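Participant: In order, the protein sequences belong to chains S and V.
0 is the number of the first residue of the first sequence in numbering that gives the first Met the number 0; add one for each residue after it.
0 is the number of the first residue of the second sequence in numbering that gives the first Met the number 0; add one for each residue after it.
Fair warning: there could be bad hints in the mix.
A few chain S residues facing chain V, derived, Cβ under 8 Å [said to hold, decoys possible]:
{"no.": "1", "residue": "Y46"}
{"no.": "2", "residue": "G51"}
{"no.": "3", "residue": "A82"}
{"no.": "4", "residue": "T95"}
{"no.": "5", "residue": "D131"}
Just so you know, these hints were derived from the structure itself, not from any lab.
Owing to the predicted nature of the structure, the values given are computational and were not obtained by experimental measurement.
Cβ coordinates follow ideal geometry from the N, Cα and C atoms, glycine included.
Below, each chain spelled out in residue letters.
There are 2 protein chains.
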Amino acid sequence: MRREDRPRLVVVAGSTATAGIEGISAAGADADAMRHTPAADLEILAYGRPTGAPVVPVSPTGCPTPAIVTRAVRELLDLPLVAVDAGIARSTYAPTVDLGGRPGRDVREPPAVPDARKVFDAGREFGASLADSELLVGETVPGGTTTALGVLTALGHRPRVSSSLPDNPIELKREVVARGLEAAAVQPPVDDPIAAIHAVGDPVLAGLAGILVGATETGTPVTLAGGTQLVAAAALARAAGVSRRLALATTTYIAADDGAGLSAHAAELDLDLTVTDPGFGAVDHPAAEAYVAGEAKEGVGMGGALAVAERAEIPMARVHERVVALTDRLLSDRREAEA
Amino acid sequence: MRREDRPRLVVVAGSTATAGIEGISAAGADADAMRHTPAADLEILAYGRPTGAPVVPVSPTGCPTPAIVTRAVRELLDLPLVAVDAGIARSTYAPTVDLGGRPGRDVREPPAVPDARKVFDAGREFGASLADSELLVGETVPGGTTTALGVLTALGHRPRVSSSLPDNPIELKREVVARGLEAAAVQPPVDDPIAAIHAVGDPVLAGLAGILVGATETGTPVTLAGGTQLVAAAALARAAGVSRRLALATTTYIAADDGAGLSAHAAELDLDLTVTDPGFGAVDHPAAEAYVAGEAKEGVGMGGALAVAERAEIPMARVHERVVALTDRLLSDRREAEA
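Just chain S, with the same shape it has in the complex (with noise of 0.2 Å):
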């Protein structure tokens, strides 16, 4: 791939206290270590391990991160990284440009973005600064499933979202947002973006929506690389005003997954689809296994990765062999730090 055709990878990270609710994610061994995901998988992408942060990021099954794909296409293509700090727990040795955002609240205490609209304001500059390269933009946010589902229901669609769980707790996730919207006393559909995540949103949404509105303004051509929260972020987009056509690459996991009802959203809000299938039931790795039981799925923008993988005809066994490596240095990794 021609170094200047390769896309920049844009992820956006960001904590929720909304993470800490019993059940709700699997992005992170327990509550305590899941404060540090973002900032691990942020470092996992600029370094290949985390450096930094004093964990590593496995669901508390032990399923690594998808960051580690993410990185093994960047180590394939030397894709350009660019980390972005919207208001993350726990401080990270990644480079990351810094949104000025803080960590978002519970969302059954709104607001739980209190300075959504400076993130969002922040994001939008700094979108259409990136005018020279196509930009994949992902995300990691523990809890962030359910971040996105209350944006989706306050802006009026359909409220369906995926999970890094094997099992969706969709309605424990569909009472918190709706004792959210109600202690915040917002009333569905709502048209201000920014009120939406105000409310029930978190600050990696307010990050993303403000450089997709940014990116769009100055014609860079924007893939939405992950699942569920890109779609919110898309929303979130398309109710400030954005009416060009949007890109989301996203991985088989999610688009099997019924909860996630995405080929409807992707209707609803004008998305061109790819959907990549990152191959692991060939692959003979317990982690492989997990994400092909229904683990993790997608985040950290490996949806987005595998499709520009393919699109530049690296051979999916090559991506395998890497995220192998990458793997079993992160494992052992984790099985010195306990020792």
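With the hints as your guide, set chain V onto chain S.
Facilitator: Relative to chain S, chain V alone:
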């Protein structure tokens, strides 16, 4: 160059009010523009041009920043970059690792770096975290040769430094440093590197020294990429007890500058010296002529980047082509901004 052989470019950026002293620095068109130079340099390294900083970093005569040369080599070799914010005066859209520092004060009014210990410690921890690749460590801090003179003097070295101006205002620098040392009641030689930085250094020297100490603690190979300021960082690392051999890669413009006393410093500090000729005499471009006439000389990792290009057997003509293309775009951005 194989991916695993590529060094990681680590550029530490910061500001010091010392740069505002009339006649001290050429790292910016004027005093106001100079405050944005570190932010703009990092954006050039990250994106190829300033994307958020409202200035184009050129000297008062229009000579462009050496960041252009480093970026050219980075593009040719896909060098990974980590930009480090040790205390810059203006925000940047380049992703940075934040050492938590603040811009330094005028060395005539010590302490020049009130938080020197904190920044050094943060740099040390960060340096220790970067254990995988060789590091190529550079800097961007307008006024930095004066603060380098400050710490070299404080540590008891014979104070010889370079300049971004063709005629080195060395007497002015000595006077400024002497006033600072007197006001701080510091009697050279001092043993404590932190005390030297605290009195008459700048935040970048605190970050550089910390990173050197941390990286050598974990056995990571380090090449200092630059001139006078990197000599000062090496002197600080030696004062902090680093006994391992260190490499310094710089340009012939610094090596040919009697004032910089490079070989004497290298011998005294046990530095393996690599000197690369940018060959700009062969380039028909006003920017190249300014370098040949003695402007800029070095900075933002330029000498180290050229040494890596030579090691990777990239023909210097390819580097020149890209430098010219990047410079022309930079100057055209500048004309647009002024129109």
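Participant: Next, verify each hint and record whether it holds.
Facilitator: Outcome of the hint check:
| no. | hint | in the structure |
| --- | --- | --- |
| 1 | Y46 | holds (7 Å) |
| 2 | G51 | holds (5 Å) |
| 3 | A82 | holds (6 Å) |
| 4 | T95 | holds (5 Å) |
| 5 | D131 | holds (7 Å) |
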